[in-house]
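Working from the sequences, and respecting the hints, build out all of it.
If you read the protein sequences in the order shown, they are chains Z and R. If you read the first sequence in this note's numbering, its first letter stands for residue 34, the second for the next number, and so on. If you read the second sequence in this note's numbering, its first letter stands for residue 34, the second for the next number, and so on.
Treat the hints loosely; a few may be bogus.
Pairs count within a copy or across copies, as identical chains cannot be separated in the list.
Unchecked claim - Dumping the calculated EDC-like pairs for lysine to aspartate or glutamate here, alpha-carbon to alpha-carbon at most 20 Å:
1) LYS166 / ASP85
2) LYS175 / ASP126
3) LYS44 / GLU142
4) LYS116 / GLU142
5) LYS166 / ASP177
6) LYS44 / ASP89
7) LYS74 / GLU139
8) LYS116 / ASP173
Rather than coming from a laboratory, the hints here were simulated on the basis of the structure.
2 protein chains.
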Amino acid sequence: MPDILHKVGIKSSSPNAVYRALTTLDGLSAWWTTNTQGESKVGSVLQFRFGDGGFDMKVLELDPARRVLWQVVDGPEEWIGTKISFDIAQRSDWTIVLFKHAGWKEPVEFMHHCSTKWGVFLLSLKALLETGKGSPWPNDLKLDSWE
Amino acid sequence: MPDILHKVGIKSSSPNAVYRALTTLDGLSAWWTTNTQGESKVGSVLQFRFGDGGFDMKVLELDPARRVLWQVVDGPEEWIGTKISFDIAQRSDWTIVLFKHAGWKEPVEFMHHCSTKWGVFLLSLKALLETGKGSPWPNDLKLDSWE
Numbered sequence: 034m035p036d037i038l039h040k041v042g043i044k045s046s047s048p049n050a051v052y053r054a055l056t057t058l059d060g061l062s063a064w065w066t067t068n069t070q071g072e073s074k075v076g077s078v079l080q081f082r083f084g085d086g087g088f089d090m091k092v093l094e095l096d097p098a099r100r101v102l103w104q105v106v107d108g109p110e111e112w113i114g115t116k117i118s119f120d121i122a123q124r125s126d127w128t129i130v131l132f133k134h135a136g137w138k139e140p141v142e143f144m145h146h147c148s149t150k151w152g153v154f155l156l157s158l159k160a161l162l163e164t165g166k167g168s169p170w171p172n173d174l175k176l177d178s179w180e
Numbered sequence: 034m035p036d037i038l039h040k041v042g043i044k045s046s047s048p049n050a051v052y053r054a055l056t057t058l059d060g061l062s063a064w065w066t067t068n069t070q071g072e073s074k075v076g077s078v079l080q081f082r083f084g085d086g087g088f089d090m091k092v093l094e095l096d097p098a099r100r101v102l103w104q105v106v107d108g109p110e111e112w113i114g115t116k117i118s119f120d121i122a123q124r125s126d127w128t129i130v131l132f133k134h135a136g137w138k139e140p141v142e143f144m145h146h147c148s149t150k151w152g153v154f155l156l157s158l159k160a161l162l163e164t165g166k167g168s169p170w171p172n173d174l175k176l177d178s179w180e
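Printed below as a string of structure tokens:
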């Protein structure tokens, strides 16, 4: 099954700071979507909304400063059941995030769109940590008519 | 074998304009790397350089305003033999580019890096066509210590 992969390095940050941005409502709201609700606890569900649509993610793993794993439990049909992971590591003065959105059934056009869009949001995460300001929805870069 | 997939929509452009940016030295130099040489003809090789390193691409297919296909003939070991395609289509006022970098043997960390970096360069292509100004190497956004 094809996966979406990304890597960003964040300068002058720390694994703890990146982990906080991935596991608190304030953090997630500052780089992905301003409309983030729910609880970031193993077994709980986070709701990410982008206007009318969005994704519900069940939190499967939380390993402080190292790893976050979610599973999509509601959202577009192609996303349901897929898993999203963030692996964090420090290498000299870069905090590295390896991202994977795994379990797509087919490499449909929507997967191409989501791959680029994840890249855009991970650059928003990077900017948030490096400059204090991300570009979460609705201030994200629009890629096409699907946003 | 895992693939890197992306999609960008370019506003108020045209398939011909996008095709030119993918098939002329002036175009390629304005969004990917300022150090682009060679000939964009089927069977010829294009040289893309980024400081000391870079990629040599053999041009396999050129379908005006519709499709470009290259195969990597020199560069990092993980890239050699892989194929890079751009499929172009017009949908209402968006020119859509579907991108694929296919044939990676393993989803190594370098593939994660290249996936995000391709996203950055495709956003540079989008900016070039929408605003007249891309961000080719060496003015590209640096993602990590691998650039």
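Hint by hint, here is what the structure shows:
no.: 1; hint: LYS166 / ASP85; verdict: neither (25 Å within a copy, 34 Å between copies)
no.: 2; hint: LYS175 / ASP126; verdict: between (31 Å within a copy, 14 Å between copies)
no.: 3; hint: LYS44 / GLU142; verdict: between (33 Å within a copy, 18 Å between copies)
no.: 4; hint: LYS116 / GLU142; verdict: both (19 Å within a copy, 18 Å between copies)
no.: 5; hint: LYS166 / ASP177; verdict: between (23 Å within a copy, 19 Å between copies)
no.: 6; hint: LYS44 / ASP89; verdict: neither (30 Å within a copy, 31 Å between copies)
no.: 7; hint: LYS74 / GLU139; verdict: neither (30 Å within a copy, 32 Å between copies)
no.: 8; hint: LYS116 / ASP173; verdict: neither (23 Å within a copy, 30 Å between copies)
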